[in-house]
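Asker: Chain by chain, the residues:
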Amino acid sequence: MKSCMGHILEVDLSDGTIVRKKVPGEVYDQVLSGKGLGAWYLYKHIPPGAEPLGADNIIGFVSGALTGTGALMCGRWMVVTKSPLTGGWGDANCGGTFSPAIKQCGVDAIFFKGISEKPVYFYMDNEVCELRDASEYWGTDAVEAEQKLLGSSSGKRKASVAVIGTAGENLSLISGICNEGGRIAARSGVGAVMGSKKLKALVLAGSQKIDCEDKEKVKELSKELAAKVKKAYPPEVMKGKIYGTLGKVMGILPLSMPLDGSANVAPLRKWGTSVNTVMAVNMGDGPVKNWGGVPKDVPALAKSFDPDNILARETKKYHCYACPLGCGGVIDISDLNGGEFAHTHKPEYETIQAFGPLLLNNKLESILYINELLNRAGMDSISAGNTVAYAIECFEKGLIDKQQTGGLELKWGNDQDIVKLVKQMVAREGIGDKLADGVKKAAEYFGPDTALYAMHVGGQEPGMHDSRYDTQLAVHYMTEPAPGKHTIGSGGMYGNMALWDICSWAPPVKPHPKKADHIPNEAIGIASCATVCYSMLVDGSGGCYYGQLMGVHMWKLTDYLNAAAGWQRTGDEYLEMGKRIQTLRHMFNIKHGIKPADRHLPKRMQGDPPLRSGPLKNATTLADAQAKYHWQAMGYDPETGIPLDETIQALNIPSLLELEAEVIA
Amino acid sequence: MIRVRVTAPPGCNRSKLDEKGWMELPDGALLSDVLKALRMPRLLARLLMVSINGAIAPPDTKLANGDSIAFFSMISGG
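Chains as they are written, first to last, in our numbering: chain A, 1 to 665; chain B, 666 to 743.
These aren't lab readings, by the way, just hints derived from the structure by calculation. Among the hints, erroneous ones may be present.
Some but not every residue of chain B turned toward chain A, in silico, with C-beta under 8 Å [said to hold, decoys possible]:
id : residue
1  : R670
2  : P674
3  : P675
4  : N678
5  : G693
6  : R704
7  : P706
8  : S716
9  : I721
10 : P723
11 : P724
12 : D725
13 : N730
14 : G731
15 : S733
16 : F737
Anything over 10 Å on all C-beta distances counts as not near chain B; from chain A, calculated [claimed, not checked]:
id : residue
17 : K148
18 : K228
19 : K231
20 : D260
21 : E429
22 : K441
23 : D501
24 : K510
25 : G635
26 : D645
27 : N652
Values in this document were obtained by computation on a predicted structure and should not be read as measured data. Just so you know, even glycine gets a beta-carbon here, dropped at the ideal spot from N, CA and C.
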């Protein structure tokens, strides 16, 4: 595949050796790059029983098959590893500038194994490739360390840095890896793996050319998309509050309807994902009060989380590499906490929801401050928010007392003590030490009575989207090899993408009663299967979730891939490729002792007991039953979730796994 | 003839849409032609922020082959 560099690096941190290898072209032909290349490599090289924080684990930084080709919204980098949070497949991804930087160093991926004796960072440009002493950076936060490391680069172009903060150094199981001043590949505890290897950062400053087959066609597709995106911006008079009202209407409507992903572009350009908060709570998508509350529990919801409040602080827009959308932004927070931080990346919906309505905390300023604390520490705000919610509920119910909290009053909405708790989690001090590894570990420490309030799936805390609202989402939370992730799929996402226009077997969506979505059936199983297959294609390409959400008519991923690779593949063939990637990730889990059917949603997330009011009144999700249809559509055993041998054979996985990368002298 | 994709809200007349939500229209057709076919009042369409390829559009906007017509959005994720 011409758009891939064809090489990988293997770095052994125990002895400092660095080996360049050539990857057989068939690997890219079958699983692209990104998560696909990562799954192929990790399946082959991490032995069963490897400790996630041990020397045998491998952590890989992988670019996308379309990154750097001129394709828009294809600049995400993937981190792949065995997760210390779940014990199975782990991955996280992030935008920024790091994905093209990997390829500009002449490789598609850099894999690290072993453990260094002292803190190191990896440096690479066109001439130099080496491990360097990182002692002076160890103990500094991700933003500060990145700034210092940028100064250490001697390459021709400005370097790009992926770096852990103190959370990763402290082996917090909910820590991630940062880039571009606090943007974070947050999930699966990938930061702890880097910390366990004493690997502080990667600094990449190569300037090699990234090629592809049909540059003109790629350019044409990008021009078409950019023109559409440019036109899509809300009128100045339009206020963010309208989305909250729409959410209320959608919460009341008894009907579920397909929504066109193209309509996401305008609000994302203006407000970013913060526009979602009030709408999500009002319609039932945004969890409240540790998943046990309803919209009316959130004090002054609409006023407190009006997206225009955040927009008013924005000093500049932020675009990831090759992105016409620019849903990010930098906001001024110099007025908070005595000017401790001048600015922060505009908080994402997930962060606002996790430290806002989920905690009944309506002090937006505290959330902006926490956003920067977590970005600098390199801690996952989704996992951290769920964990704080757990701690508050346990405190309120008397299961954790004031002695255990060190005097903190962990009450719903007590923003001051929430901030103190986050600081303790980041520093692993006091009760924060027990909470810095997420809710599953916390519940093991604080006792089985508290487990009822620990929201996690297979060890990972769920995204800020309610499984009772969307059964497909519930199924993805459970069946995804890196469970609890909200970006794999949902019913809403399926409608947005309109996959039926590129895939012969994906069923179209029409308006239908909401109740019908909660009755397990084959059509929903096929839809969730199509979604996950497409999501893997996106991740193999380095694609952005918001490109994916625009729908196949706006962001023409398969056309981009055909142009970049010189292929003439159909949508059906591409989804088969996505299924291959997903199945490899499943096989990784099975190899490492994970039983897919053992992963369930917490009872509360299934609607047991049901909520007694609000948009999710009496809503339940029969996710276990629906998962069987999902697995059946994937070609897996519907009872165990294990891929059938005939499926593995049909996907050519055995021959794929026989391929080896060759050492280059 | 042109084909446009229409994500129609509940209550609309869907008889002019095919199984996958596409509508055929003569060359030079306007957004208002789609609204008529859906039997959707213009005021309601404005309230629902009717858009073409993500850009909020007035009813007299000329349509092009492959355009995507939507009524409002729900963002997920972040």
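Asker: The structure should be examined with respect to each hint, and the outcome stated for every one.
Answerer: Evaluation of the provided hints:
no.: 1; hint: R670; in the structure: holds, 6 Å
no.: 2; hint: P674; in the structure: holds, 6 Å
no.: 3; hint: P675; in the structure: holds, 4 Å
no.: 4; hint: N678; in the structure: violated, 12 Å
no.: 5; hint: G693; in the structure: violated, 20 Å
no.: 6; hint: R704; in the structure: violated, 15 Å
no.: 7; hint: P706; in the structure: violated, 17 Å
no.: 8; hint: S716; in the structure: holds, 5 Å
no.: 9; hint: I721; in the structure: holds, 7 Å
no.: 10; hint: P723; in the structure: violated, 11 Å
no.: 11; hint: P724; in the structure: violated, 15 Å
no.: 12; hint: D725; in the structure: violated, 16 Å
no.: 13; hint: N730; in the structure: violated, 11 Å
no.: 14; hint: G731; in the structure: holds, 7 Å
no.: 15; hint: S733; in the structure: holds, 5 Å
no.: 16; hint: F737; in the structure: holds, 6 Å
no.: 17; hint: K148; in the structure: holds, 29 Å
no.: 18; hint: K228; in the structure: violated, 4 Å
no.: 19; hint: K231; in the structure: violated, 4 Å
no.: 20; hint: D260; in the structure: violated, 3 Å
no.: 21; hint: E429; in the structure: holds, 29 Å
no.: 22; hint: K441; in the structure: holds, 25 Å
no.: 23; hint: D501; in the structure: violated, 6 Å
no.: 24; hint: K510; in the structure: violated, 7 Å
no.: 25; hint: G635; in the structure: holds, 25 Å
no.: 26; hint: D645; in the structure: holds, 35 Å
no.: 27; hint: N652; in the structure: holds, 30 Å
The structure fails to meet hints 4, 5, 6, 7, 10, 11, 12, 13, 18, 19, 20, 23, 24 from the earlier list, while all remaining hints are met.
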